[in-house]
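Peer 1: Here is how the chains run, residue by residue.
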Amino acid sequence: MLRIEVIKQLGDFSLDVAIRTEGRVTGLFGSSGAGKTSLVNIIAGLLRPDRGIIAIGDDVLDDTSLNLHIPPHRRRIGYVFQDARLFPHLNVTQNLDYGRRMNRLAYDSAAQKHVVDLLDIGNLLDRRTGQLSGGERQRIALGRALLAKPRLLLLDEPLGALDADRKAEILPYLVRLRDETGVPMVYVTHDPDELRRLATEVVVLERGRVQRFGGPDILNDSAARLRV
Amino acid sequence: MLDLSSAEWTAILLSIRVSVVATLIATPIGIAIAWLLARRDFWGKSALDAIIHLPLVLPPVVTGYLLLLTFGRRGLVGAWLADHLGIVFAFRWTGAALACGIMSFPLLVRPIRLSIEAVDRRLEQAASTLGAGPWSVFWTVTLPLALPGVLAGMVLGFAKAIGEFGATITFVSNIPGETQTISSAIYTLTQVPDGDAAALRLVGISIAIAMAALVASEVFARRATRRLHGI
Chain A
313 MLRIEVIKQL GDFSLDVAIR TEGRVTGLFG SSGAGKTSLV NIIAGLLRPD
363 RGIIAIGDDV LDDTSLNLHI PPHRRRIGYV FQDARLFPHL NVTQNLDYGR
413 RMNRLAYDSA AQKHVVDLLD IGNLLDRRTG QLSGGERQRI ALGRALLAKP
463 RLLLLDEPLG ALDADRKAEI LPYLVRLRDE TGVPMVYVTH DPDELRRLAT
513 EVVVLERGRV QRFGGPDILN DSAARLRV
Chain B
-10 MLDLSSAEWT AILLSIRVSV VATLIATPIG IAIAWLLARR DFWGKSALDA
40 IIHLPLVLPP VVTGYLLLLT FGRRGLVGAW LADHLGIVFA FRWTGAALAC
90 GIMSFPLLVR PIRLSIEAVD RRLEQAASTL GAGPWSVFWT VTLPLALPGV
140 LAGMVLGFAK AIGEFGATIT FVSNIPGETQ TISSAIYTLT QVPDGDAAAL
190 RLVGISIAIA MAALVASEVF ARRATRRLHG I
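Line by line, the protein sequences are chains A and B.
My numbering numbers the first residue of the first sequence as 313 and each following residue consecutively.
My numbering numbers the first residue of the second sequence as -10 and each following residue consecutively.
These aren't lab readings, by the way, just hints derived from the structure by calculation.
Backbone N, C-alpha and C define an ideal beta-carbon position, used for all residues, glycine too.
There could be a bad hint or two in this list.
Interface residues of chain B toward chain A, partial, derived using beta-carbon atoms under 10 Å [said to hold, decoys possible]:
no., residue
1, 30
2, 111
3, 116
4, 119
5, 123
6, 125
7, 129
8, 134
9, 136
10, 204
11, 206
12, 215
13, 216
14, 217
Could you put the whole structure together from the sequences, leaning on the hints where they help?
Peer 2: Below, the structure is given as structure tokens:
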């Protein structure tokens, strides 16, 4: 269970959110400027809340009343960014292996093979990152996050930088990811179609507040109302 | 081809030794300071920035004299180092290396600082979400991506150290075989009646060393830049 109760002031913008979710894929939906990325950065530990609590199950990651803040590298939370953020000085294999090295995990050839097959990236392993298409970069970024064996995976508009064809190419991989790995996900997007395919629960954010929370069916009227 | 006397060889080898040692010791310190200046805000930051740039704007003879006062046999630091650690700078080649290291330090730090500032912090964030602590982020992301700047700084520093004259001669004098570098040897040769030929030979050598350093840095920088673009 993911528990989020945070308040954060960012300039003129204020984020004030309280959610508890059991969902395998929790969709964070809203127009740009709704505070989706700030919220995900707080969950990842990249941003500290002014007040509040972040917890996965019984494991508290932030509790401002106790002055507790677990830094990002100790959270075991994977993060797939919109712009992939592959390391340009490493090749694809080294990028994929980075999280395992940093977490000092033993080499797990079964996990490696599973992720490579799942994402269909076996033919890309020897490439430099500059030789990848946008869709390929995003698949490598997914694989890199998964191979660090996270307990939660954050995806911040992972298809946002891709055109419609590329999106259609990646979405099936995300569905497989949901169905074949046990890793719970928080999926940020402003595209209701992505959430209808992926999400088991949906949070609609508007100007830093939770406007609605429920099953994917709440998207039908929210999307129309928000015009996204 | 080049008929160098043993005194000239001594000066050349000494210059190279002094500059290599000065650069190798200054580089890790320079990287640490460049990182602090690029990535941290702290009290006294502008003072630190000003102090490391001082050798660039002070007359070299002033820097040399200050070194003599501080690191000389009777200097505050020099006396302590000599008594407790047995390290003597005054009138030794180590003193020449210290003078060259300090004089070249601003030129070494600047490109490193600029290249660290240019490293995309979003990549550092990505590394931290993959489990890399601050120290690992530095070694596996920041430093490799800043490598062209580090190499450029090392070459600039080395070239400055090879050419250093004023602070070195003031601090450790001009002793053949101990502190007489190429620059002070050329200076000495210009003061004697028939030193022109020897001075010209040394001038040629110092031009060759400088050119070799520039070419080497260009080759390293090109390789590093290719890596950074992921090709």
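Peer 1: None of the hints should be skipped; say for each whether it holds.
Peer 2: Comparing the hints with the structure gives:
no., hint, in the structure
1, 30, "17 Å, violated"
2, 111, "6 Å, holds"
3, 116, "7 Å, holds"
4, 119, "4 Å, holds"
5, 123, "8 Å, holds"
6, 125, "6 Å, holds"
7, 129, "7 Å, holds"
8, 134, "6 Å, holds"
9, 136, "8 Å, holds"
10, 204, "23 Å, violated"
11, 206, "19 Å, violated"
12, 215, "9 Å, holds"
13, 216, "5 Å, holds"
14, 217, "5 Å, holds"
Violated hints, listed in ascending order, are 1, 10 and 11; each of the other numbered hints is respected by the structure.
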